[in-house]
Amino acid sequence: MTTYILRRLIQTVGLLFILSAILFTLVNVAPGGPITAYAGRRPRPERIEQLKRQFGLDQPLPLQYVYWLVGNDWTKIDSDGDGIKDTAGSRKGILRGDFGLSYRTRKPALDEIASRLPNTIYLMSITMAVALIIAIPLGIYSAIKQYSLFDFFATTFSFAGQAIPEFWLGLLLIIIFYAWLKNPWTGEPLLPAGGISSLDGGFSLSDRLAHLVLPVLTGTLGWIAWYSRFLRSSMLEILPLNYLKAARARGMTERNVIFKHALSNALIPIVTLIALDLPYIFTGAVLIESIFAWPGMGRLYYQSAVDRDYPLLLAVLIIGAAFIILCNLIADILYAYLDPRVRYE
Amino acid sequence: MFTKKRTLLFLTLAVIFSLTIVSCSPTPAQPSATEGPASPTGSEKSITIVIPEDPPSFNPMVADTGYDALVMELVLLGMADVDPNGNVFPELAADLPTVENGGVTIDDDAGTMSVTWTMRDDILWQDGNQVTADDVLFTWNAISDPVNGTWIPGIDYIDSVEQLSQNSFIVNYNSIYPGYLTQFGGEQLAIWPAHYCNLEQGFLSWDCGREPLSDGPFVLHDWVLGDHMTFHKNDNYYLAPKPELDQVLVQIVPDDVVRKTMMLNGDADIDMWINANTAKDLEGSEKAKVSLSPTDRWVMRLYFNLAQKGTVDPIAYPHPILSDVNVRRAIRSAVDVDTITSEIFHGLATPAWTEFFRAPYQCAVPRPAYDPEGAKAMLEKAGWTDSDGDGVRECHGCSTGAPEGYAMEMEFITYAEFGEPLELTQQLIAEMLGEIGIKMNITVVEGSILWDQAENGGIEQSGNFDIDIWDDGYAGVDPTDYIWELYSQEALVPGDGYNVMRYDNAEVDALIDEAYTLDEASRKKTFCAIADQINEDVPLVHLFTTPNLEAYSTRLAGVQSTVNDLVTWNIADWTLK
Numbered sequence: 000m001t002t003y004i005l006r007r008l009i010q011t012v013g014l015l016f017i018l019s020a021i022l023f024t025l026v027n028v029a030p031g032g033p034i035t036a037y038a039g040r041r042p043r044p045e046r047i048e049q050l051k052r053q054f055g056l057d058q059p060l061p062l063q064y065v066y067w068l069v070g071n072d073w074t075k076i077d078s079d080g081d082g083i084k085d086t087a088g089s090r091k092g093i094l095r096g097d098f099g100l101s102y103r104t105r106k107p108a109l110d111e112i113a114s115r116l117p118n119t120i121y122l123m124s125i126t127m128a129v130a131l132i133i134a135i136p137l138g139i140y141s142a143i144k145q146y147s148l149f150d151f152f153a154t155t156f157s158f159a160g161q162a163i164p165e166f167w168l169g170l171l172l173i174i175i176f177y178a179w180l181k182n183p184w185t186g187e188p189l190l191p192a193g194g195i196s197s198l199d200g201g202f203s204l205s206d207r208l209a210h211l212v213l214p215v216l217t218g219t220l221g222w223i224a225w226y227s228r229f230l231r232s233s234m235l236e237i238l239p240l241n242y243l244k245a246a247r248a249r250g251m252t253e254r255n256v257i258f259k260h261a262l263s264n265a266l267i268p269i270v271t272l273i274a275l276d277l278p279y280i281f282t283g284a285v286l287i288e289s290i291f292a293w294p295g296m297g298r299l300y301y302q303s304a305v306d307r308d309y310p311l312l313l314a315v316l317i318i319g320a321a322f323i324i325l326c327n328l329i330a331d332i333l334y335a336y337l338d339p340r341v342r343y344e
Numbered sequence: 000m001f002t003k004k005r006t007l008l009f010l011t012l013a014v015i016f017s018l019t020i021v022s023c024s025p026t027p028a029q030p031s032a033t034e035g036p037a038s039p040t041g042s043e044k045s046i047t048i049v050i051p052e053d054p055p056s057f058n059p060m061v062a063d064t065g066y067d068a069l070v071m072e073l074v075l076l077g078m079a080d081v082d083p084n085g086n087v088f089p090e091l092a093a094d095l096p097t098v099e100n101g102g103v104t105i106d107d108d109a110g111t112m113s114v115t116w117t118m119r120d121d122i123l124w125q126d127g128n129q130v131t132a133d134d135v136l137f138t139w140n141a142i143s144d145p146v147n148g149t150w151i152p153g154i155d156y157i158d159s160v161e162q163l164s165q166n167s168f169i170v171n172y173n174s175i176y177p178g179y180l181t182q183f184g185g186e187q188l189a190i191w192p193a194h195y196c197n198l199e200q201g202f203l204s205w206d207c208g209r210e211p212l213s214d215g216p217f218v219l220h221d222w223v224l225g226d227h228m229t230f231h232k233n234d235n236y237y238l239a240p241k242p243e244l245d246q247v248l249v250q251i252v253p254d255d256v257v258r259k260t261m262m263l264n265g266d267a268d269i270d271m272w273i274n275a276n277t278a279k280d281l282e283g284s285e286k287a288k289v290s291l292s293p294t295d296r297w298v299m300r301l302y303f304n305l306a307q308k309g310t311v312d313p314i315a316y317p318h319p320i321l322s323d324v325n326v327r328r329a330i331r332s333a334v335d336v337d338t339i340t341s342e343i344f345h346g347l348a349t350p351a352w353t354e355f356f357r358a359p360y361q362c363a364v365p366r367p368a369y370d371p372e373g374a375k376a377m378l379e380k381a382g383w384t385d386s387d388g389d390g391v392r393e394c395h396g397c398s399t400g401a402p403e404g405y406a407m408e409m410e411f412i413t414y415a416e417f418g419e420p421l422e423l424t425q426q427l428i429a430e431m432l433g434e435i436g437i438k439m440n441i442t443v444v445e446g447s448i449l450w451d452q453a454e455n456g457g458i459e460q461s462g463n464f465d466i467d468i469w470d471d472g473y474a475g476v477d478p479t480d481y482i483w484e485l486y487s488q489e490a491l492v493p494g495d496g497y498n499v500m501r502y503d504n505a506e507v508d509a510l511i512d513e514a515y516t517l518d519e520a521s522r523k524k525t526f527c528a529i530a531d532q533i534n535e536d537v538p539l540v541h542l543f544t545t546p547n548l549e550a551y552s553t554r555l556a557g558v559q560s561t562v563n564d565l566v567t568w569n570i571a572d573w574t575l576k
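Chains as they are written, first to last, in numbering that gives the first Met the number 0: chain A, 0 to 344; chain B, 0 to 576.
Hints were generated in silico from the structure; no laboratory data involved. Cβ coordinates follow ideal geometry from the N, Cα and C atoms, glycine included. The reader is advised that the hints may include incorrect statements.
As the list claims (entries may be wrong) - On the chain B side, residues computed to face chain A include the following (Cβ under 10 Å):
#, residue
1, Thr64
2, Ala109
3, Asp206
4, Gly208
5, Leu224
6, Thr229
7, Tyr237
8, Asp335
9, Asp337
10, Ser447
11, Ile448
12, Gln452
13, Asp471
14, Glu484
Model the full assembly from the supplied sequences, consistent with the hints where possible.
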């Protein structure tokens, strides 16, 4: 296993390197550059040249990639446009943790990410936890009571959960719980429309929870449907197996048969699935964060793409890619750990 | 084995986990580096402005999103600003320099001018230091730095800026620059504190751009990225006891439907730049009203490419359809502007048919009539007829150099960011032109692709279009540079200007040169002569002005939308009912 993990880690480094080149190229060759976004619709030629120098876009694309990767503090650049490379570069490159300055704010891209990442982890981890707390019993009970009225409703709910678009559900919930329903005692909206907390300052647990309800509800619905259907299917494959019949024949209670023997095996693919979904905790959900004014990574990604903020966009993409690769590795390792039949040699 | 105890333990742990996350979650109230006054309490007068995204900084020269200028108005002053009717008024300046009061001296022989500014001596930064000419010189040095500086309108006309005393300075121009009054002010430029900002960090990157020292009506108290900004009343404001408001919250709410719902619910006081559909939805609301700018700036217009698609030389490669002025006039006659403004813009847009429709330069250009039958006749006369009965005209003796039988079919482009009203306008115009036998194939692209440089494949700059439609107009009250960039022959070359129509008229070029004077009577006459010539040549079709709309709560008084600035231009005068 150790050899396998080491091999995968080495492959990860190579994969990230290839990904970085692909992402950098795709972002930079996409039509519509950052100059129009930051110099206005009618920039003067002098302004265009100045911005290109400030953004480092005055260099050929391969050299831009090298500077982005390893920095340019080992060479000299033409910073004032006089055609003479007489100023030492100041960029360290992503390999030394310098993702460059955001075009939009002229501040380090990593600082922008650092300000958003905790918010996304906060929202998405709770969303995922709530989804699992509901989905696992739902999936188990649907499997045990296959074709029952409960199963019928759970199945309908699951399909609806998968089919309803998040933006529609989110806006609907805001209209119902923010615009229509009022607190009968205060006359205030029953739930806030968005944000992490109220703007009047101070920490309040009830205020934090109230701000979580709608985004978590919107975010969990799809995941509940996804996990519960998967678990139901997994359980249905296992329930008819002989080893469960043998367990029952040995006099084991039905509860033990289901939870100890059936569930432990049915959960193996779910655990893998969860591991593969873990990157969402770091990358966020664009629609939910946008509708509920949640200052997270999803919105940051969307905004940086719209703004052609290449340094920030690439930082989000590379960090997101690293999380995905890491979580895939975790999924593979967990799979081997949980299922003794799987061996990585 | 799952027992009741284990289930209970599991649930307890889950609840503790959730509560721990909630408790340890990011705390919104992050203090800013700028020490503002303590949070107002008790009977505070607080309002909430909702905007879709964080301002990049307080310096609109960094990214020009509009949200930066919105918050800049709260904390920073320029030498002068412009009101909604286009009148320039002093802020840091004691008065406006003019030729009459001796503030402007002109050297007719050299064609140069000098402007002497005198500043008020009673304006303080929030830390108690006086705002002086040192700050102006510091700001100018930061802007004009070749490495970390930026470009501002009219910067090329400035030879030097020299300090005369603590409260006065002189700007020496190498030419006559009519826009001098707002060069160190207006909607985008403020004066920055020399003792607080770090010049080495550069004008666009310095930390004070995100943590500004205020000389405006409010001071920044905290800024939680992506969530909100809090501003408190500046007790040092020079127009004290203004502002009446104690606190301004700027809340980031990306979704426009949610912002509208907050306005209707009375939880937001200002929603800037709403579209006509939202304005319609707010009609009759008890909680929200709509403010419309008394003057307009942005004119929706059809740009004709007079050169062959993919080329930029209208003489060597004339457009096979649009190089004939009669075709362009026919298209102008076939567009029913009134229907567009009433049906798509709910009557909030105003028909416009010239560049010079607003003060101080208003020209009496006759409005072109909507006359589809006349348009058809014009096309027939120009050699464009539908001989095969497919509804699309072909060239049969046309004068553009198009081959016989060449179909009257063109690409019609617009940009996506404006949203649904523009896309509907584009579709309706395509239908209207279809009625007179011109087939339009509509395309919607991102603005950054439409307006990008030619070397990056920018559609307009590389001439890779037939007709496109978007809104444009000049900022402030001086259209001279704008007119040069749009209509002069020099601006026809990709990268040198924005004459993307490739319009080439020596008479207009001479008139534009004449417009660079401070003689107002002469300027008005010159601009109207330009308007007449453009009306005759139709290199583009002015359609209507797009409304500048802001939603505001009914409890708020003093709000006035403006195209010359952001809605917060007069926030010091806002009061709560």
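Hints and how they fare:
no.	hint	result
1	Thr64	8 Å, holds
2	Ala109	23 Å, violated
3	Asp206	9 Å, holds
4	Gly208	7 Å, holds
5	Leu224	5 Å, holds
6	Thr229	7 Å, holds
7	Tyr237	28 Å, violated
8	Asp335	27 Å, violated
9	Asp337	28 Å, violated
10	Ser447	3 Å, holds
11	Ile448	4 Å, holds
12	Gln452	6 Å, holds
13	Asp471	7 Å, holds
14	Glu484	6 Å, holds
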